[in-house]
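There are 2 protein chains.
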Amino acid sequence: MYYALDEKTVVDYVQKSPVMATILVDCNDLVGADLAEGNVNLVFRVYSLGDPEKSVILKQALPYARKYPDFIMPLKRAGIEAELLKIENKYCPGLAPELYYYDNEMYLNIMEDLNKHIIIRYGLMKQIQYPKFSQHVGIFLARTLFYTSDLYLESAEKKEMAARIINPVMCKVTEDLVFTEPYIDHPNNNWTKELTPHVKEIKANKSLQMEALVLKEAFMSHSQALIHGDFHTGSIMVNKNETKVLDPEFAFFGPMGFDIGAVLGNLILSYGSQEYHAKDINKRKEYREWLLKAIKDIWETFEKEFRNLMDTKMNDQWPSERFKDFYILKLLRDTAGFGAAKAIRRVIGMAHVPDMWEIPDDKSRAIAESIALNAAQAWMLNRHDITSINELIAMVRAAKPHPKVIK
Amino acid sequence: MYYALDEKTVVDYVQKSPVMATILVDCNDLVGADLAEGNVNLVFRVYSLGDPEKSVILKQALPYARKYPDFIMPLKRAGIEAELLKIENKYCPGLAPELYYYDNEMYLNIMEDLNKHIIIRYGLMKQIQYPKFSQHVGIFLARTLFYTSDLYLESAEKKEMAARIINPVMCKVTEDLVFTEPYIDHPNNNWTKELTPHVKEIKANKSLQMEALVLKEAFMSHSQALIHGDFHTGSIMVNKNETKVLDPEFAFFGPMGFDIGAVLGNLILSYGSQEYHAKDINKRKEYREWLLKAIKDIWETFEKEFRNLMDTKMNDQWPSERFKDFYILKLLRDTAGFGAAKAIRRVIGMAHVPDMWEIPDDKSRAIAESIALNAAQAWMLNRHDITSINELIAMVRAAKPHPKVIK
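Going line by line, the protein sequences match chains A and B. Quick note on my numbering: the first sequence kicks off at 359 and runs consecutively. Quick note on my numbering: the second sequence kicks off at 359 and runs consecutively.
In isolation and in its complexed conformation, chain A is listed as follows (with noise of 0.2 Å):
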């Protein structure tokens, strides 16, 4: 029977589990913390006081969002969870955290500690440079969408996969929160005041909202591959060697581009904020062209990798040359369009980030989230005409500052 665990409680759930046989070895010492991190579930450390290295993450889900409260949300996405960290771990081992036990009665996952690991977004405000980010993130996208898709599964697996992994209380979060609300007056939405006249020009282009409710189309109906749905750099734990991405809980069957996209409008993001937190000018411009050149690695990486997937992997469905590179076409557009609308809601929208709301001047943090935009809105109106990911690299260096925003 289900019920909510605490500090307490958690401990005998955890020495009652099969973890106890495999990972906390002869751990009579356990102690839970509750790393009360999520905006959504319950997460706990358990490890033993003697030897803290012996330790476990447990993530339980609530019928609602920790945060808050009044988002009702299904207990299953703990399955969902489940599910996508054993696909992760099997296309790509290492790249996720490991899943040790589901319990799908408490609607909990038990699975690998990662506390040599930071949330890569801190450390984007403190630029710290991440060898092997972009490499990892790359392949892990190349690997997981494509392994999913109908490029590789056989059409009626893939179908019946598509089926049974629905979403729609989690969906619907993005499709309020990404495409519709910041496009619209709507009382979740709230920036700084003193970027109001960039947020008017915004409200009042309709080009701007006419492309959030393409993509919003096609994230409501693009069943392409299984994707994580919330693959920004708050989920995503790295150190200078390893790279772990968390927290599947939002996947879907929906557009490929749409995970791409994450990543890389969060980067955008982050490069707008190093206005304020990269102090010193020349390393400003240093940890910005570090940030740019991850954007291209990361697509080049994908776009490598992926390619190398349909040369090697694909199934006989699809024989011809020149749809692959039709396929990979689109996904860049894709990609630059929900990049955009992943950067865009994450300023005017409902929930922001620490990138931006660390600042604590209002005016700096005005500057520095109009930059963003102005990147965003670059990728969003001219995603159709694009062929390169050089050219998205230049939007982002080009993007200023709105000029009433600097005032």
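Please note: incorrect hints may appear among the correct ones.
When chains are identical, the list treats them as one kind, so a pair holds in a single copy or across two.
[Said to hold, decoys possible] Keeping only pairs whose Cα atoms sit at most 25 Å apart, straight-line, the calculated SDA-like set for lysine to any residue is:
| hint | residue 1 | residue 2 |
| --- | --- | --- |
| 1 | Lys434 | Ala521 |
| 2 | Lys444 | Ala521 |
| 3 | Lys530 | Glu518 |
| 4 | Lys530 | Asp638 |
| 5 | Lys662 | Leu687 |
| 6 | Lys721 | His635 |
| 7 | Lys425 | Lys561 |
| 8 | Lys564 | Lys671 |
| 9 | Lys564 | Ile744 |
| 10 | Lys564 | Met668 |
| 11 | Lys530 | Glu679 |
Rather than coming from a laboratory, the hints here were simulated on the basis of the structure. On a predicted model such as this, the values are computed, not experimentally measured, just so you know.
With chain A fixed as given, assemble chain B onto it according to the hints.
The following block gives chain B in isolation, referenced to the frame of chain A:
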């Protein structure tokens, strides 16, 4: 318990069914006739000997395709047909056969007998003009597609419906026969020998191959609306006043353009086939103009009704006028692509159409087919740039037989 009916047992079955109390009241002289019409199912007419006006059609699914027993087909297609007939009758009363009874153990539907109608394909072969056909078909398409799309349904309702009404086996038939086999060397393909020079050019055309696969990807993953899935001129029965759309057992959530294109692509086939069927050259010209007008009227009625529904019945998720225009334009381009694919497969793939196969002379048939192929190729290759139905009509009017086929 399921068993396949025959002319004798179908009468016993009907006598115990609820239609005795509604349609066949007081009929104690029922007889069954095997219509042997479909490629796929058992179809019987059960009627009163004394009063043949009192009749029903009983259509039962077999676990395979009747005419192609090697094609294993799911019995549950009968349930999908029942569901579609209900939706069609709800939104388009009079434009589909009435459903009297669905039996989910016998996998059969008892429905309205359309004995005052003929399959329009055969009427077109005799140059009969149906004054209400285009209007009816345009309305049918607009309503069935709009009301089952994300433009009307609640996000979660549509996702749950799409997950419930998957139809993998029927979809696979289309994926193979429409989008794959005609463009490669495949033993299922066959064509008129005299058409070979034209077929060779198609097989060598890398752009056409690519476009066919781009359309296939959309067919497999664009879950836009609950489409009929087999909307050709053999699925439509008519008389001067009425139009009835039959046989929605291929239905699933797919791209709207596949349905609209299916009927327009079959009008291309009819257009080509008039080269033989309309012996008199003036009559041929006149009837071809009627067919072109039908293409135009179907599209324009569809567009008008669809826009009307977007303006008056759309949910609040799409607040942009410009989005509506984009959506319609995308539908037109999809329609051109899918329509072309549907026409091409009927000429060079596995299953042909009587419009062509009833042309006894090989040379004449090859010329008729070559005209249809050329029109379809123009639609498929130019679809990304078109902006109006008139461009598509001009392409059909300009279509000539391949020079090496005439020789």
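Original post:
Taking each numbered hint in turn, which are not upheld by the structure, reported in ascending numerical order?
Top reply: 4, 7
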